[in-house]
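Novice: Chains V and C are the protein sequences, given in the same order.
Sequential numbering of the first sequence, starting at 1, is according to the numbering used here.
Sequential numbering of the second sequence, starting at 1, is according to the numbering used here.
Just so you know, these hints were derived from the structure itself, not from any lab.
All residues carry an ideal CB built from backbone N, CA and C; glycine is no exception.
Be aware that a few hints might be false.
[As the list claims (entries may be wrong)] Restricting the straight-line Cα-Cα distance to at most 30 Å, the calculated cross-link-like pairs of lysine-lysine (DSBU-like) are:
(1) Lys112(V) <-> Lys88(C)
(2) Lys250(C) <-> Lys112(V)
(3) Lys112(V) <-> Lys242(C)
(4) Lys242(C) <-> Lys45(V)
(5) Lys112(V) <-> Lys24(C)
(6) Lys112(V) <-> Lys196(C)
(7) Lys45(V) <-> Lys24(C)
(8) Lys133(C) <-> Lys80(C)
[What the hints assert, rightly or not] Restraint ranges, calculated between C-beta atoms of paired labels, are given here:
(9) Ala114(V) <-> Leu204(C): 42 to 50 Å
(10) Ala114(V) <-> Phe215(C): 37 to 45 Å
(11) Leu204(C) <-> Glu120(V): 42 to 50 Å
In case you want the letters, here they are:
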Amino acid sequence: MPLAVRLRGQTSSELYPRLLQLLDRRFSDDGRFYIVISANNLVKKIVGLNVFQTSVFMLYISMGKVTGGTAPIVVEGVTQYSNPLPHVLILTAIVVGVATTAVGLSLIVRIKRAYGTVEENEFDNKKDDAI
Amino acid sequence: MAEFIDLVLLAMLALTALWIIFLKDLFAVVMLFGIYSFLSALIFVNLDAVDVAFTEASVGAGISTVLMLGTLALTGRQEKERLSTRSKLLPLFVVTLTGAALIYGTLDMPPFGHPDNPVHQHVAPRYIEESPKEVGLPNMVTSVLASYRGFDTLGETVVVFSAFIGVFSLLGVRRKKKKDLESGLESHRVLQVIAKVIIPLVILFALYVQFHGDFGPGGGFQAGVIAAAAFILYALVFGLPKAFAVVGPKFLQWMAAFGVLLYASVGLYSMYKGGNFLDYNQLAADPIAGQHYGIIIIELGVGFTVFAVMLNIFYAFGSQAERSNVQ
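Extracted from the complex, chain C is given alone in its bound form (with noise of 0.2 Å):
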């Protein structure tokens, strides 16, 4: 049955990629990438991987989605018809080639999900049968990813800290001067009535995502990007300058720098106490207890620089299309 349905969802990724291939309409281009993502994050649920599954829902399909229509109304919504220039046939032969390498490459891969793969002979069992143990946690990809691996983890928060860099010395946020600009969904009554609704519970949502990660699927990079979503609806419906006075894109600066500092202090801290760098055993008298503390603190770090980042990128999107619109 799993694998019907996994056969079914490959189908319809398919269907959606070739679409994207065909179309010239750039808006239906990007929401069937939302769609394309969406169905990616149901493959991955049924191949087990729930954390991925709900990163990919909130990152390809959301954030991802939102910033390529922000780039589209900068842009123009349509593809150009090509004129005969260049040959089509020289990238579909390249592709073809590559295809046909990878579909060989994979012909002397190990079975598809046999226990006894390479791939799960090395640290795998160690994770999966000692982490309950030396962690003390549930969620599994929780452990590896905040205790076993949080070095790793550091690394691709400063990552995403350096990209909200770049987004930034590339376009910069333009704060409004003039009040009575035209901005949001002012007539659109229903929609700011029902955001009105939804935003609390989003960021409920997003807290929960947040705190209850160590147990279920979640974490900070979830947490953060679902209360920056909240965020997002309420600039997209009342206007930013309306969200620039609730989260102005000042405050975010500081926030996202915040959580990569109280990150790498935590890991400070427990050298500070005599361990190695982000040994959260040493934080309390008890290893388990020390762990707890440490992967709350660095989920929480995380959390606010995702949040700040993905938020002021936007801000810095839509600051720009709002500049154009008036120009």
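Just chain V, with the same shape it has in the complex (with noise of 0.2 Å):
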């Protein structure tokens, strides 16, 4: 209801980026989080887990940009830039993620070894007595 009541209020050429707003959050967010729950495979976890914040990554991204702006490189004639700040954290925050991402998926190696599955539901008839 407040959606239709925020869209119906915007002329037309308002609405456009709104809407589009509107699916870079709802992409962002939402949809991918159901593979780092659902999913039974630890892999796949991780990749959901990525996905996940990349989509994180975008949100932020989204908010640094200024419409008719360009890219934060000084170029002569331009005045117009978009916000480099966003673009510094996510930055660095893609490099830590690929670092966790490894600690993870060497987890899962060492899972592998000790229980022999990868398998979420497969844990529980598993002794630890593998490691």
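With the hints as a guide, bring both chains together as one complex.
Specialist: Structure follows, in structure tokens:
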């Protein structure tokens, strides 16, 4: 209901970016999360986590965008730049993300070695004496 | 036009993510994740975040995908069909609820791309207006990353380094004992010839990204990953033993630590010169020249650490895979 009210109050030229933003945010955080919760295979969970993470990055970057602005690298005759701060935060977050992904994946390798499986529902009847 | 491109890319993203949910073949899932990363890198370009796009393409689509494939080689490529022990409806319900809450939250967000948004009011104008004068670099992202928020970046380099310690304590790199072990793609002559041509170019490009990062998109993070990719290609095509002979894991351990120390020592040196930690203005008589020296050195430190960590993590996964092939 509030969505319809908000959208109706705007002219069509405003509506388009607003829709885009909604789509952007919607795809950002919803849905991907599903893989993390529902996947049974641990590798697939990590993939889901990464997809989820990338979507959050997109949310941040979309906030830094200025309409009519350009990439934050100084060029003669350009006065309007997009906000460089979210870019910096997300750039380092991506690298830290791959580092933590690597730790997660190596944990999965150890789990496979100890339990012989990476399927979540198969752990129950395994003993952890193989480590 | 830009909005139209965005919409198309977002639609493709959504499709890719849906496929990731439904596919059972994990090899395809990982490849789709690479595609997803590339698509999001394109969206980042469209949103003016060229540095981020660069990083996402090299790190997300490149290294992450390689590491996931390395894990699949050890854990098997097929996701098993789940027995109906638990309902799939509960996660769906939770996620729908979360999604609805998030969409409700976005309704109160300021309009997309408006220059008067709160996010553009605080420190951003100062970075945009003053950094070309204060730091003297055209690329504001590098200025903020390496100079204004240099302490933050030091922390992130340390996180990368500690992830490397984590992977190492979990897996470790095993040096090969048997020399005659089948490794690499010895029989693929075409791949070998092509790789030999490509690898020097990739390394050259990594050096360009490292040293041109002050003026255009790029910097230590991206350069480190690209250089690591060149060596990973070498290891994949010619086998791990030959790659170990070029750059060994032991050397990379020292290199990773050296990068962090190089970064931190710049900070200590600026304190010794009478400034604050990582205050590059103290490094030379002219503050701008000092900033240049500082940024070049710390970007080198970041490049060393990221290169060594990424390559060594790949070695760790790769040597596991070869070990399990032998057994």
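Novice: Give a verdict on every hint.
Specialist: Hints, one by one, checked against the model:
{"no.": "1", "hint": "Lys112(V) <-> Lys88(C)", "in the structure": "holds (25 Å)"}
{"no.": "2", "hint": "Lys250(C) <-> Lys112(V)", "in the structure": "holds (26 Å)"}
{"no.": "3", "hint": "Lys112(V) <-> Lys242(C)", "in the structure": "holds (28 Å)"}
{"no.": "4", "hint": "Lys242(C) <-> Lys45(V)", "in the structure": "violated (34 Å)"}
{"no.": "5", "hint": "Lys112(V) <-> Lys24(C)", "in the structure": "holds (18 Å)"}
{"no.": "6", "hint": "Lys112(V) <-> Lys196(C)", "in the structure": "violated (35 Å)"}
{"no.": "7", "hint": "Lys45(V) <-> Lys24(C)", "in the structure": "holds (12 Å)"}
{"no.": "8", "hint": "Lys133(C) <-> Lys80(C)", "in the structure": "violated (59 Å)"}
{"no.": "9", "hint": "Ala114(V) <-> Leu204(C): 42 to 50 Å", "in the structure": "holds (43 Å)"}
{"no.": "10", "hint": "Ala114(V) <-> Phe215(C): 37 to 45 Å", "in the structure": "violated (50 Å)"}
{"no.": "11", "hint": "Leu204(C) <-> Glu120(V): 42 to 50 Å", "in the structure": "holds (45 Å)"}
This entry does not satisfy hints 4, 6, 8 and 10, going by the numbered hints stated previously.
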